[in-house]
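A.B. asks: Sequence:
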Amino acid sequence: MLAGQFDVGAQVIALGDGKFKLMLYPGGLPGAGYDSTSEKREYDGARDGDTVTFTGGTTGKSITGGKLTFSLDGQESSIDRTIRKSPTLGAKPPEGALVLFDGKSAENFKPGRMTESGLLMQGANSVKKFQSHKLHIEFRLPYEPTKRGQARGNSGCYMQARYEVQMLDSFGLAGKHNECGGIYTIADPDVNMCLPPLQWQTYDIDFTAAKYDKDGKKTANARATVRHNGVLIHDNIELPKRTTASPLAEGPEAGFLHLQDHGNQVRYRNIWVIEK
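Quick note on numbering: the sequence shown equals residues 1 to 276 in my numbering.
Treat the hints loosely; a few may be bogus.
Derived SDA-like pairs: lysine to any residue, alpha-carbon spacing no greater than 20 Å straight-line [said to hold, decoys possible]:
#	residue 1	residue 2
1	Lys217	Leu232
2	Lys67	Arg47
3	Lys147	Ala14
4	Lys241	His177
5	Lys129	Ala14
6	Lys217	Ala187
7	Lys211	Ile186
8	Lys67	Tyr43
9	Lys129	Gly251
10	Lys21	Ala106
11	Lys129	Ala106
12	Lys217	Asn178
13	Lys214	Gln199
Treat the hints as calculated values from the structure; they're not laboratory data.
Turn these sequences into a full structure, and let the hints guide you.
C.D. replies: Right, dumping it as structure tokens:
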């Protein structure tokens with residue numbers, strides 16, 4: 001609540017070299033009060049010592065010590081920093097689930113590489129192949145403030161190695177098909193639920209494989225329901241085509257989980273699947 005008058009959410013994007021961008025959301029944060037039909041506002045800022053000051057608008061805006069302060073005509077209101085966490089973070093695999101990665105070994109992926117701290121690295125393909133299934137995966141995007149667009153913490157979660165749910169540091173951005181949570185070239189996420197880089201995030205995906213007749217002709221497109229950090233961002237959306245960069249072409253055969261290597265140090269943990 002700002003000045004006892006209205007709710008507002010704020011996200012601050014690091015741009016490198018002491019530069020920042022402040023995004024203000026009327027009603028609250030994305031997925032927690034903000035209505036995407038409402039206009040959000042953005043302000044440029046720069047660091048001076050321990051304070052970041054933003055320009056533009058009728059109120060003064062600055063951040064010191066994790067507190068965003070608004071000032072107008074000698075009056076001040078403030079918002080404390082909130083660290084958001086996915087409600088499914090650390091979710092335990094239910095009975096009957098197939099655990100693909102638990103930090104002990106990368107043997108269920110080929111190729112598959114682990115860090116010394118027990119995290120799966122980008123560029124991994126599951127040995128097991130799947131038809132319709134539910135997937136839980138946790139991922140962490142790197143902090144690369146000077147990079148922009150598709151160079152900023154890029155990876156992708158490819159169901160059946162065909163259909164990509166994008167992974168990208170798009171915290172505070174518009175939320176497009178080629179940003180975090182987007183289904184590449186097909187659909188924007190309903191909500192941009194991307195958290196800041198270096199915070200663990202979750203995808204919980206319910207995937208239904210495409211259907212084919214005995215002659216190999218597709219009779220029904222694949223579908224997916226996706227929750228990003230616990231918030232529904234795609235509801236049983238139709239997937240009419242494969243992602244252009246997918247390792248596998250569309251077809252009736254089962255496909256593997258592909259975690260894309262786009263040259264960025266994306267990490268994964270707690271990956272499990274329930275076959276449908």
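A.B. asks: Each hint needs a verdict: does it hold in this structure or not?
C.D. replies: Comparing the hints with the structure gives:
no.: 1; hint: Lys217 x Leu232; verdict: violated (31 Å)
no.: 2; hint: Lys67 x Arg47; verdict: holds (14 Å)
no.: 3; hint: Lys147 x Ala14; verdict: holds (10 Å)
no.: 4; hint: Lys241 x His177; verdict: holds (14 Å)
no.: 5; hint: Lys129 x Ala14; verdict: violated (39 Å)
no.: 6; hint: Lys217 x Ala187; verdict: violated (24 Å)
no.: 7; hint: Lys211 x Ile186; verdict: holds (19 Å)
no.: 8; hint: Lys67 x Tyr43; verdict: holds (16 Å)
no.: 9; hint: Lys129 x Gly251; verdict: holds (13 Å)
no.: 10; hint: Lys21 x Ala106; verdict: violated (38 Å)
no.: 11; hint: Lys129 x Ala106; verdict: holds (16 Å)
no.: 12; hint: Lys217 x Asn178; verdict: violated (29 Å)
no.: 13; hint: Lys214 x Gln199; verdict: violated (46 Å)
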